[in-house]
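Those protein sequence lines, which keep their order, are chains A and B. Heads up, the first sequence is in my numbering, so the first residue is 1 and it goes up one at a time. Heads up, the second sequence is in my numbering, so the first residue is 1 and it goes up one at a time.
Misleading hints may appear alongside valid ones.
Unchecked claim - If you want the ones that stay clear, here's a sample from chain A, every Cβ over 12 Å from chain B, calculated:
| hint | residue |
| --- | --- |
| 1 | Pro73 |
| 2 | Asn131 |
| 3 | Gly172 |
| 4 | Leu198 |
| 5 | Asp212 |
Stated by the list, open to error - Computed Cβ-Cβ distance ranges for the label pairs, DEER-style:
| hint | chain 1 | residue 1 | chain 2 | residue 2 | range |
| --- | --- | --- | --- | --- | --- |
| 6 | B | Ile118 | A | Asp264 | 34 to 40 Å |
| 7 | B | Ala36 | A | Gln300 | 42 to 48 Å |
| 8 | B | Ala122 | A | Lys367 | 23 to 29 Å |
| 9 | B | Val94 | A | Pro197 | 54 to 60 Å |
| 10 | A | Glu192 | B | Tyr38 | 55 to 61 Å |
| 11 | A | Arg195 | B | Ile118 | 49 to 55 Å |
| 12 | A | Gln300 | B | Arg22 | 52 to 58 Å |
| 13 | B | Leu98 | A | Pro37 | 37 to 43 Å |
By construction, these hints were calculated from the structure, which means they are not laboratory data. Where is the CB? At the ideal position from N, CA and C, for every residue including glycine.
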Amino acid sequence: MVEKKLLGAALGALLLGTVAASADTIKVGIIGPFSGPFALQGKNFQAGVEAFMALNGKSVKGHDVEIIYRDLPAANPAQSRALAQELVVKDKVQYLGGVYFTPDAMAITPLLKQANTPLVIFNAATSAIMNTSPLVVRTSFTTAQTTTPLGKVAVDRGIKKVITAVSDYGPGVDAEVAFKKAFEAAGGQVVEAIRMPLNTNDFSPIMQRVRDSKADAVFAFLPSGPTTLGFVKAYNETGLRQAGIKFLAPGDLTQESDLPALGDGALGLLTSFHYAVAHDSPENKTFVDAASKAIGSPEQLSFPAVGAYDGMNVIYKMMEATDGKQDAEKAVAAVKGLSWTSPRGPVSIDPETRHVTQNIYLREVAKDSAGKAYNKEIETFANQKDPGLAAP
Amino acid sequence: MQIEADTRSIPALPKHRGGAWRDVAGILLIAVAGAAGYFLFPDSLALLTRVTALAMLALSLDLVVGYCGVATLGQAALFGAGAYAAGIACVSGVTEPLSLLLIGAVAGAAAGLVMGGIMLRAHGLAQLVLSIAIVQLFHEAANKASSYTGGSDGLAGLTVGPLFGIFAFDLWGRTAYLLGVVILVAVFAALKFVVASPFGMMCRGIKEDPIRIRSMGAFVSPVLLKMFVISGAVAGTGGALAAISTQVVGLDSVSFELSANALVMLVLGGIGTLYGAIVGTIIFMAFEHVVSAINPFHWMTMVGALLIAVVIAAPRGLGGLVARLWTPSRHGERP
Chain A
1 MVEKKLLGAA LGALLLGTVA ASADTIKVGI IGPFSGPFAL QGKNFQAGVE AFMALNGKSV
61 KGHDVEIIYR DLPAANPAQS RALAQELVVK DKVQYLGGVY FTPDAMAITP LLKQANTPLV
121 IFNAATSAIM NTSPLVVRTS FTTAQTTTPL GKVAVDRGIK KVITAVSDYG PGVDAEVAFK
181 KAFEAAGGQV VEAIRMPLNT NDFSPIMQRV RDSKADAVFA FLPSGPTTLG FVKAYNETGL
241 RQAGIKFLAP GDLTQESDLP ALGDGALGLL TSFHYAVAHD SPENKTFVDA ASKAIGSPEQ
301 LSFPAVGAYD GMNVIYKMME ATDGKQDAEK AVAAVKGLSW TSPRGPVSID PETRHVTQNI
361 YLREVAKDSA GKAYNKEIET FANQKDPGLA AP
Chain B
1 MQIEADTRSI PALPKHRGGA WRDVAGILLI AVAGAAGYFL FPDSLALLTR VTALAMLALS
61 LDLVVGYCGV ATLGQAALFG AGAYAAGIAC VSGVTEPLSL LLIGAVAGAA AGLVMGGIML
121 RAHGLAQLVL SIAIVQLFHE AANKASSYTG GSDGLAGLTV GPLFGIFAFD LWGRTAYLLG
181 VVILVAVFAA LKFVVASPFG MMCRGIKEDP IRIRSMGAFV SPVLLKMFVI SGAVAGTGGA
241 LAAISTQVVG LDSVSFELSA NALVMLVLGG IGTLYGAIVG TIIFMAFEHV VSAINPFHWM
301 TMVGALLIAV VIAAPRGLGG LVARLWTPSR HGERP
């Protein structure tokens, strides 16, 4: 029975800890990957939240705001539901936020109505999530939203034939479909579509197929991290860059935290995305200063932080509207159509879809005066909605 | 006499004296613990439901590893088969929870037949590698067939009807938890019967000395295959329970990680005793839950430390440790 006693003691300690919070405190439960291979993204969530609270105070209308973090290291819907349920039922949170992976969000949305709790998604980027509950608001992006402008960009730059190469999983297929649709609508032609297994390490056969296809450019989508590094390396080493074959991708591939590892090989890559840490605006400067302080080392700062920062803005607005009372419908209604200037530029919450409408930027990886690589914004596509939600 | 030399296999040997009474007491204990969980932690029922589903995975793994001596790191393939079968059936219109559990069990058993059929062709290390390959193939198949499984986005939109038409699966998770406990107790009781049967004895015999069993005139492979099918049905039931209570099925349910975690739970609790599977799952999940709530950023280190401590201090698992503390010294009973 030794372990049962220990267990009891540990659980007891946990219960005491949660009871100690004061009465007039609004609690917000944030679920994200705070450990494991995606810990950096979770760290960015936390940095965004802390930056927002440092700049806007830790209370709303006299109600203290308390954040409870819960770790979900990888996509795991069952665990996600268990965590959300416990945050709502035991910790009595009034708001749920965070969520990095789509299946995790899908597991939480059926609970929201009964829980009377809105969910503000800081990342999970599949269009369909928004249709699963009227109490979901999203401040990140969708793959279709960030990818679609690339179709026009490609045609404008005289690219007629493109080969797509994406990792064979949900977001990869979404990116492929969105790009093909936009590119062909603009008059281009996708000559071949390659789907690579997620754990591909040797990309030279893929590069050979790209070369053989006689396409003007390759459109790529891979999960950020080592696979992207391998893909970009192969693109350079097999001479595709020298052969003049352009490289197009959504901005996930050149997120700032990966740029040092990509090195000079990334220079000149064209990506489209909703946020670059280098975005030039006073709002972004304030945000980057505060978030860098929160995350410790500025090189780790990347897009999930801005999703979290704006997500907290939405949650604060919800708290103002409900004045500390738990009323999910009123809270969500209060932020429909809300517009503000985010570090990424002007944004608003679409009243129909509850997804964020925002500028998408075309960026090129360049070097600043200090020799550090960054995403240089060269073209702006204003007020983009999520095309993936247009026809549910 | 072989037995003298083989002391490490003692816990796997059948216990004759008072065996039946002890089993009844054990089953009652699990039922009481389940009821206690309901009243002690009414706010964490979703987590506790997850424990019951994973306990079935650990139990199914124990059947194969602990009773047959077949090393596998691919047990989640069977769990996932049950979860996806129940999930797909639910999306296509079967919403009665007990039917979904049955579908999960059948799918798990079918997957067990396939997996056993392949794995039993190899031995030792090759067998282990095969098990990893199979779970990876299942994983990739679930990822590829995204029009049925939702791929990496997960299979969502499961609306499970109320149990017996009365008890809905709601936010508080009472129905799901009680269903989970009842199913777990029933499965446990059935398995106690299975492992004590002549068939169960045969499995243990094969684990100890397959050559001897073969020279006795018994066929080894069909016996093990039968156990694989039973194991698959148990894992599939667990998977279906997870699908019903979560209402989403993700690729993690057919992952190598889940298989490895199940083995860790089993080692923690003690291999070769059905109690060990349940104790291990509870300890692992509770520890993970408590530590990750206290420190969401560095809790994995603590879990690793616990594992090392248990493996060094109690090589037979915590279940084995408890059994040793409970049962008075049996020196002199052995031949």
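We went through each hint and held it up to the structure:
1. Pro73: Violated, because the least Cβ-Cβ distance between proline 73 of chain A and chain B comes to about 8 Å, which does not exceed 12 Å.
2. Asn131: violated (10 Å)
3. Gly172: violated (9 Å)
4. Leu198: violated (8 Å)
5. Asp212: Answer for aspartate 212 of chain A: holds, closest chain B Cβ roughly 25 Å.
6. B:Ile118 <-> A:Asp264: 34 to 40 Å: The hinted range 34 to 40 Å is violated for isoleucine 118 of chain B and aspartate 264 of chain A, with Cβ atoms some 47 Å apart.
7. B:Ala36 <-> A:Gln300: 42 to 48 Å: holds (45 Å)
8. B:Ala122 <-> A:Lys367: 23 to 29 Å: violated (54 Å)
9. B:Val94 <-> A:Pro197: 54 to 60 Å: violated (33 Å)
10. A:Glu192 <-> B:Tyr38: 55 to 61 Å: For glutamate 192 of chain A and tyrosine 38 of chain B the Cβ distance comes to about 57 Å; the hint holds.
11. A:Arg195 <-> B:Ile118: 49 to 55 Å: violated (27 Å)
12. A:Gln300 <-> B:Arg22: 52 to 58 Å: With a Cβ separation near 56 Å, glutamine 300 of chain A and arginine 22 of chain B satisfy 52 to 58 Å, so the hint holds.
13. B:Leu98 <-> A:Pro37: 37 to 43 Å: Holds, since leucine 98 of chain B and proline 37 of chain A (Cβ atoms, about 38 Å apart) stay within the stated range.
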